[in-house]
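To convert, note that position 100 of the sequence shown is 111 in our numbering; the numbers rise steadily by one, no gaps.
It should be emphasised that the hints constitute simulated quantities derived from the structure, not laboratory data.
Hints may be right or wrong, so weigh each one.
With a Cα cut of at most 27 Å, we get these calculated DSS-like pairs of lysine-lysine [to be verified]:
(1) LYS88 with LYS31
(2) LYS45 with LYS103
(3) LYS31 with LYS41
(4) LYS31 with LYS45
(5) LYS88 with LYS22
(6) LYS22 with LYS41
(7) LYS27 with LYS41
(8) LYS88 with LYS27
(9) LYS103 with LYS31
(10) LYS41 with LYS88
(11) LYS27 with LYS103
(12) LYS45 with LYS88
(13) LYS27 with LYS45
(14) LYS103 with LYS88
(15) LYS41 with LYS103
(16) LYS22 with LYS103
Restraint-style ranges between C-beta atoms, simulated for each label pair [to be verified]:
(17) PRO61 with GLU95: 19 to 29 Å
(18) PRO113 with ASN59: 17 to 27 Å
(19) ALA93 with THR63: 31 to 41 Å
(20) ALA47 with CYS25: 24 to 34 Å
A virtual CB, placed ideally from N, CA and C, is assigned to each residue, including glycine.
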Amino acid sequence: MFLALWEFEVKPGCEKRFLKVHGPEGDWAKLFRKDANYQETELLHDLNRPATYLTLDFWTSRQAYEHFVASHAVEYKRLDAAGEGLTLRERKVGWYERVEVP
12 MFLALWEFEV KPGCEKRFLK VHGPEGDWAK LFRKDANYQE TELLHDLNRP
62 ATYLTLDFWT SRQAYEHFVA SHAVEYKRLD AAGEGLTLRE RKVGWYERVE
112 VP
């Protein structure tokens, strides 16, 4: 399992649109669903910083995610550009893999 984790600070008044773009049924999830290796998206809201959200995009592997991004670069960039006006800040927190402990 691979996780792409992003943090966003949403502009005041843009919360509803942000949720429609980044939520589990949002525009990003719809794009990702074009690939069988995509698993799901979760959206978390920071209770101490109300404008802050985390998106968690789960894939079968990092390679699958990177292949998807490369093969859908035009759509990916278009959607990324369309959402820029919704946030004050966007930050890649990191890429993570599940640890299998024997």
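We went through each hint and held it up to the structure:
Between the alpha carbons of LYS88 and LYS31 the distance comes to roughly 18 Å, so the proposed pair stays at or under 27 Å and holds. With a CA separation close to 22 Å, the supplied pair LYS45 and LYS103 stays within the 27 Å bound. Simply put, LYS31 and LYS41 have alpha-carbon atoms about 11 Å apart, close enough for the 27 Å limit, and the pair holds. Only pairs whose Cα atoms come within 27 Å are accepted, and LYS31 paired with LYS45 is accepted, the gap being roughly 18 Å.
At roughly 20 Å between alpha-carbon atoms, LYS88 and LYS22 fall within 27 Å of each other, so this suggested pair holds. Proposed proximity of LYS22 and LYS41 is supported: the alpha carbons are some 23 Å apart, at most 27 Å. Restraint check: the Cα-Cα separation between LYS27 and LYS41 comes to about 17 Å, which is no more than 27 Å; the hinted pair holds. Pair hint LYS88 plus LYS27 holds up; C-alpha atoms about 22 Å apart against a cutoff of 27 Å.
Annotation: proposed proximity of LYS103 to LYS31 holds, straight-line Cα distance about 20 Å (limit 27 Å). Straight-line distance between C-alpha atoms of LYS41 and LYS88 comes to about 15 Å, which keeps the hinted pair within the 27 Å bound. Among the hinted pairs, LYS27 with LYS103 is consistent with the structure: their alpha-carbon atoms are about 22 Å apart, no more than 27 Å. For the hint pairing LYS45 with LYS88, the CA-to-CA distance comes to about 16 Å; that is within 27 Å, so the pair holds.
A C-alpha spacing of about 24 Å is found between LYS27 and LYS45, which places the hinted pair at or below 27 Å, so the restraint holds. Of the pairs offered as hints, the one joining LYS103 and LYS88 holds, with about 15 Å between alpha carbons and a cut-off of 27 Å not exceeded. With a C-alpha separation of about 20 Å, the suggested pairing of LYS41 with LYS103 holds against the 27 Å cut-off. Simply put, LYS22 and LYS103 have alpha-carbon atoms about 18 Å apart, close enough for the 27 Å limit, and the pair holds.
With their beta carbons about 21 Å apart, PRO61 and GLU95 fall inside the hinted range of 19 to 29 Å. Between PRO113 and ASN59 the Cβ separation comes to about 37 Å, which falls outside the hinted range of 17 to 27 Å. Look at ALA93 against THR63: about 21 Å separates their beta carbons, and that is not inside 31 to 41 Å. Between ALA47 and CYS25, the C-beta spacing of about 32 Å keeps the proposed range 24 to 34 Å intact.
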